[in-house]
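Single-letter residue listing:
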Amino acid sequence: MNSIQFAQTLVNGIILGGVLSLVALGFSIVWGIMHVVNLAHGAFIVLGSYITYTLYTSLGIDPFLGLPLTMITLFVVGYATERWIIHWVIRAPLMAKFFITFGIGMLLENLILQVWKADVRSVTTPYSGASLAIGGVNIPLVKLAALALSILMVIVFHLFLTRTRQGNAIRSTGMDLDAARLTGVKVAPIYALTFGLSTMLAGAAGSLVSMTTSFTPDAGARYTVYAFLVSVLGGLGNVPAVLAGGMIIALIQVFVGFYAPALKDAVSFVLLVVLLLLRPQGLFGKPFTSGKAE
Amino acid sequence: MTRGDKILYIVCGLLFAAMALLPLFGASGFLLRTITLALMYAVMALAWNFIGGYTGYSAFGNVAFFGIGATVTGVMMTKMRWDFAPAVLLGGVICSLLSFLIGPALLRLRGHYFAVATLGIANAAREIVAGWDDVTGGGIGLNLPLNTDKDFYTLIYYIFLMLTILSAVITYLISRNKLGFGWLAIRENEEGAKALGIDATLYKTLAWVLACFIVGITGGIYAYYNTAISPEAIFNPLYSTTPILITLLGGTGTVVGPILGAMILLPLSTWLLFNFPGIQPALLGIIIILTIIFLPRGLYEYLSGRRKLTLAALLKNPRDNQA
Amino acid sequence: MNTPLRLIGLTTIAAILAACGGAAAPAPTAAPAASTEKQPAQPAAASGACTISFGAAVSFTGSTAAEGKYTKDGYDIAKDKINEKGGIKVGDKMCKLDIKYYDDASSPDQTAQLVEKLITEDKVNFILGPYGSSSSDTAAAIVEKYKIPMIEANGAAESIFARGFKFTFAVLSPAGNYLRGILDLVKVKDPSAKKVAVVAETDKFALEVAAGAAKYAKEQGFEVVYNDKYPAKATDISSNLTVIKGLNPDVILGAGHIQDAILTIKQGKELGVNAKAWGFSVGPTAPEFRKSLGKDADYVLGAAQWTEELKLKGDANDPFSTPQDFAKAVRAKFPQGGYETTIPYQVAESAAAVFAFQRAIEKAGSLDAQKVRDAIAALDFDSFYGKVKFDERGINTFKPMAVQQNATDGGNYTVGPAESASKPFEYPAPAWGSRK
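Residue numbers (the numbering used here), protein chains in the order written: chain A, 1 to 294; chain B, 1 to 323; chain C, 1 to 436.
Errors might be hidden in some of the hints.
To be verified - Computed cross-link-like contacts, BS3-like style, restricted to lysine-lysine with a CA-CA straight-line distance of at most 25 Å:
(1) C:291 - A:117
(2) C:371 - B:150
(3) C:333 - A:117
(4) C:147 - C:89
(5) C:123 - B:150
(6) C:189 - C:218
(7) C:313 - C:423
(8) C:311 - C:166
(9) C:313 - C:387
(10) C:166 - B:150
(11) A:117 - C:423
(12) C:166 - B:79
(13) C:291 - C:328
(14) B:194 - B:178
(15) C:389 - C:313
(16) C:363 - C:89
(17) C:389 - C:311
(18) C:189 - C:215
(19) C:147 - B:150
(20) A:117 - C:233
(21) A:186 - B:316
No wet-lab data here; the hints were simulated from the structure. Treat the numbers as computed from the prediction; the structure is a model and nothing was measured.
Build out the structure end to end from the sequences listed, making use of the hints.
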């Protein structure tokens with residue numbers, strides 16, 4: 001690997017890290033706070049991609065300009081999903097929550113198929129392949145924007161969760177549900193809000209990846225798996241950790257990918273397992289007490 | 001054992017008897033294949049039930065061992081020209097060994113973390129098999145030797161039927177002895193169980209290895225039945241999730257739960273496929289959602305008479321489980 | 001009767017019904033896709049109403065739903081054309097054609113189930129293949145068991161045909177041949193272009209395409225500077241492309257699904273990877289490719305089993321005679337089918353499969369499975385689809401692959417084989433930075 005290739009691979013990794021973090025952010029928040037592993041997360045991302053696609057091709061709205069619209073739509077969908085479906089199993093055993101999101105994912109994916117059909121799609125704007133070329137190294141601009149958005153969202157959410165009343169209320173439900181209730185927090189709307197925020201972030205991710213890759217209704221599973229990887233590596237209950245997790249996974253992927261591209265996913269998954277065995281709380285998560293089932 | 005239990009066992013027994021006699025009464029190839037696949041899922045559900053149902057450790061990636069079993073069987077039969085039975089057995093043995101090696105460390109994890117770790121194992125297994133070209137055939141997969149015997153499909157049918165019955169019997173026997181009670185104790189309160197002197201690590205590992213062994217054997221049989229394997233096919237997540245759904249629907253931690261679940265969910269799924277082809281996944285998704293909301297512990301407790309199946313009882317579940 | 005007993009009774013009945021339900025449910029109701037229920041063919045009494053029933057398990061839902069639709073349209077247009085002319089001549093009778101469809105949801109397991117159903121319950125005479133190599137593989141195993149001939153049009157993996165099956169035939173060119181046409185074009189146009197990079201998705205079909213391409217490239221005097229793969233369904237191949245960039249290839253060939261082709265172009269552009277020719281096994285010939293990429297699709301070459309611009313002529317018995325006639329008929333029959341700009345080759349090759357059956361049945365003079373099978377193996381004719389002839393393995397190695405190019409004027413033209421080119425091959429593709 002010569003120095004230009006090293007630099008390019010480094011850039012590839014950091015940029016990919018931005019994308020992966022954005023993909024994983026909402027997932028990590030819901031897992032860390034609501035203790036719900038949202039297996040439908042990828043489907044929500046894909047929904048975001050399709051909405052962006054429709055806004056662009058039918059209404060001519062640029063994906064970045066349409067981002068707020070996509071995000072709001074996904075927020076509403078997520079809020080409704082939590083309020084009317086997931087809400088009923090919050091206190092049920094673990095597998096119930098796992099599986100209800102699985103069922104939601106199946107349903108959502110098929111609904112997307114009914115509306116948009118199975119054709120492979122991608123959003124290509126005049127600028128979507130643009131990159132900044134600096135001395136033999138190309139920096140893709142749309143993905144750079146994803147990184148920027150990721151950092152922005154991480155900062156916004158970190159501040160929101162730690163500095164605002166609503167955010168503190170959300171965090172308190174994650175720490176101790178009954179205590180939170182005792183302090184007057186209305187749990188049901190909080191949960192719906194949290195889930196809505198997570199799908200909103202999924203929508204943002206979907207918007208951005210719609211420009212960098214292609215998608216079909218069933219493309220969500222990949223993203224969910226990456227969300228797992230990043231969340232576990234970074235550690236739950238810690239928003240900035242998602243960025244770290246995303247970066248590290250991405251860098252591993254691109255450097256391993258340079259030498260043995262067929263094995264890059266294998267390495268990532270083995271890493272995930274090893275990590276869980278040795279340090280389940282990830283790099284920056286709170287060590288969890290072994291007695292408490294998460 | 002309640003009276004309801006006894007009746008359920010009799011029902012299952014009758015079901016098995018009917019299935020055993022079916023080929024003799026000229027059932028079509030399609031019917032046999034459909035039931036064979038249902039039985040395959042039933043076996044995997046019963047296997048999952050050991051670790052997920054009784055012990056409470058929801059493994060979400062059992063397809064890893066299905067795929068490993070299929071791969072081992074495929075490799076031994078094509079490259080080493082082994083016969084079917086030893087190849088499948090070796091697959092089961094290798095799965096047992098691998099699960100035994102990773103078990104104690106893996107089972108220190110709880111809840112979500114355990115589930116995600118198993119998911120990671122499934123993905124890792126797929127990628128490793130897909131990347132190990134020289135041994136496993138890589139992304140292209142392997143073509144197994146063809147069995148031209150005209151009764152081959154019927155043979156596989158009976159093999160899966162036997163496996164289902166065997167797994168059910170094993171479940172029954174274990175459920176009545178110390179191991180079974182130990183599992184339940186671990187599920188309900190692991191620390192408490194340890195305090196009572198139960199070697200939780202040993203018990204958990206046993207459940208885990210047993211489950212993986214059975215799933216590995218199933219994968220090996222499937223490979224031969226299907227005559228060809230490829231990583232994408234044998235590591236299909238559906239082989240992880242369907243057995244869990246079946247058990248959830250039927251009733252976790254029970255002997256007949258997985259069987260009932262299989263006999264209800266799978267024909268239902270096929271029926272939906274034929275009658276609502278485009279939207280079958282959506283309908284299945286809705287059924288899953290409704291089941292989890294209204295029947296979180298599965299149908300077993302109602303069918304065995306432990307609880308009355310009334311509208312009020314159904315509605316109580318979501319009310320109890322809401323935030 | 002107390003509650004548990006009632007429940008158990010209901011469950012038992014339900015379970016037993018359900019167990020048979022898998023079989024009972026489909027039979028009385030209509031098949032999911034439009035197809036009438038017909039009895040299997042019995043050359044009837046001299047009043048002559050007989051039907052030959054074909055069965056096909058095709059993906060109408062799932063990951064290959066789009067291609068499944070093309071397949072069905074191809075089967076249907078052939079069926080209608082044959083029936084218009086009275087049907088297939090079996091001995092001294094004219095028998096109409098009927099096709100029974102099931103949706104295999106892009107799942108090979110389901111394909112196996114459904115093909116077995118078609119054979120053992122619906123008792124069809126013959127099987128038309130599913131879409132995709134994996135599904136075709138499982139179907140091939142089933143038809144071999146029951147000794148029912150199958151002609152498939154959409155499973156090009158040669159591993160299917162390495163298994164010694166006698167009852168499966170494929171009218172399409174094998175996977176290994178896919179990228180040959182592109183290499184041929186470059187070699188003629190620019191003999192100085194020597195360096196080829198091959199990148200493939202880890203997928204049964206794609207890997208065969210890549211292996212075949214690398215082998216052919218070497219044989220033709222190219223230097224294969226890169227031949228590697230990436231995990232299935234990858235969403236980021238920047239690593240592969242970074243390495244490729246450093247090797248400065250003249251030609252970049254990709255094997256995978258349409259998603260991979262789109263991804264390679266998108267990331268190729270982002271990373272400033274340039275080549276004089278970009279070619280993919282699957283993708284560039286589909287309308288979605290251009291729709292997804294806009295101007296970035298310019299210059300990209302795609303392998304095609306068939307295009308409507310080819311200068312082919314079928315023999316005297318060929319119902320459509322030329323690709324242009326076929327294209328016209330498809331557009332007339334499926335005005336809303338999305339066929340305005342391109343006819344995907346899956347439509348043509350699927351139709352070809354039905355016509356191949358017609359010829360074999362007429363030659364055999366009967367519906368006997370073995371006789372028809374032998375007649376298929378001996379087929380050798382020219383059609384609107386190209387030459388149809390099967391090698392000893394059962395796959396059609398006698399038809400060359402065509403090449404299409406997404407041209408700078410927005411259209412999609414046949415540029416190879418050279419004698420069929422409707423527009424000259426645009427070469428070289430300019431560097432990304434210097435395109436307007």
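How the hints compare with the structure:
For the hint pairing residue 291 of chain C with residue 117 of chain A, the CA-to-CA distance comes to about 15 Å; that is within 25 Å, so the pair holds. Note on residue 371 of chain C and residue 150 of chain B: the hinted pairing holds, with a Cα-Cα distance of about 21 Å set against a maximum of 25 Å. For the suggested pair residue 333 of chain C and residue 117 of chain A, the alpha carbons sit about 21 Å apart, so the restraint of at most 25 Å is met. Only pairs whose Cα atoms come within 25 Å are accepted, and residue 147 of chain C paired with residue 89 of chain C is accepted, the gap being roughly 22 Å.
Our distance criterion of 25 Å between C-alpha atoms is met by residue 123 of chain C and residue 150 of chain B, whose separation comes to about 18 Å. Between residue 189 of chain C and residue 218 of chain C the CA atoms are separated by roughly 18 Å; this keeps the pair inside 25 Å, and the hint holds. Between residue 313 of chain C and residue 423 of chain C, the direct Cα distance comes to roughly 19 Å. Compliance with the 25 Å bound is thereby established for this hinted pair. For the given pair, residue 311 of chain C sits about 32 Å from residue 166 of chain C by alpha-carbon distance, which is inconsistent with the 25 Å threshold.
A hinted pair counts as satisfied when its Cα atoms are at most 25 Å apart, and residue 313 of chain C with residue 387 of chain C qualifies at roughly 10 Å. Distance hint between residue 166 of chain C and residue 150 of chain B is fulfilled; the C-alpha atoms sit about 16 Å from each other, no more than 25 Å. Our distance criterion of 25 Å between C-alpha atoms is broken by residue 117 of chain A and residue 423 of chain C, whose separation comes to about 32 Å. Between residue 166 of chain C and residue 79 of chain B the CA atoms are separated by roughly 23 Å; this keeps the pair inside 25 Å, and the hint holds.
A threshold of 25 Å between alpha carbons decides the hint, and for residue 291 of chain C with residue 328 of chain C the separation of about 23 Å falls inside it, so the pair holds. Using a Cα cut-off of 25 Å, the hinted pair residue 194 of chain B and residue 178 of chain B holds, with the two alpha carbons roughly 14 Å apart. Simply put, residue 389 of chain C and residue 313 of chain C have alpha-carbon atoms about 15 Å apart, close enough for the 25 Å limit, and the pair holds. Only pairs whose Cα atoms come within 25 Å are accepted, and residue 363 of chain C paired with residue 89 of chain C is accepted, the gap being roughly 9 Å.
A hinted pair counts as satisfied when its Cα atoms are at most 25 Å apart, and residue 389 of chain C with residue 311 of chain C qualifies at roughly 19 Å. This hinted pair checks out: residue 189 of chain C and residue 215 of chain C have alpha carbons roughly 20 Å apart, not beyond 25 Å. Restraint check for residue 147 of chain C and residue 150 of chain B: satisfied, since their Cα atoms lie roughly 11 Å apart, inside the 25 Å limit. Only pairs whose Cα atoms come within 25 Å are accepted, and residue 117 of chain A paired with residue 233 of chain C is accepted, the gap being roughly 19 Å.
Pair hint residue 186 of chain A plus residue 316 of chain B holds up; C-alpha atoms about 21 Å apart against a cutoff of 25 Å.
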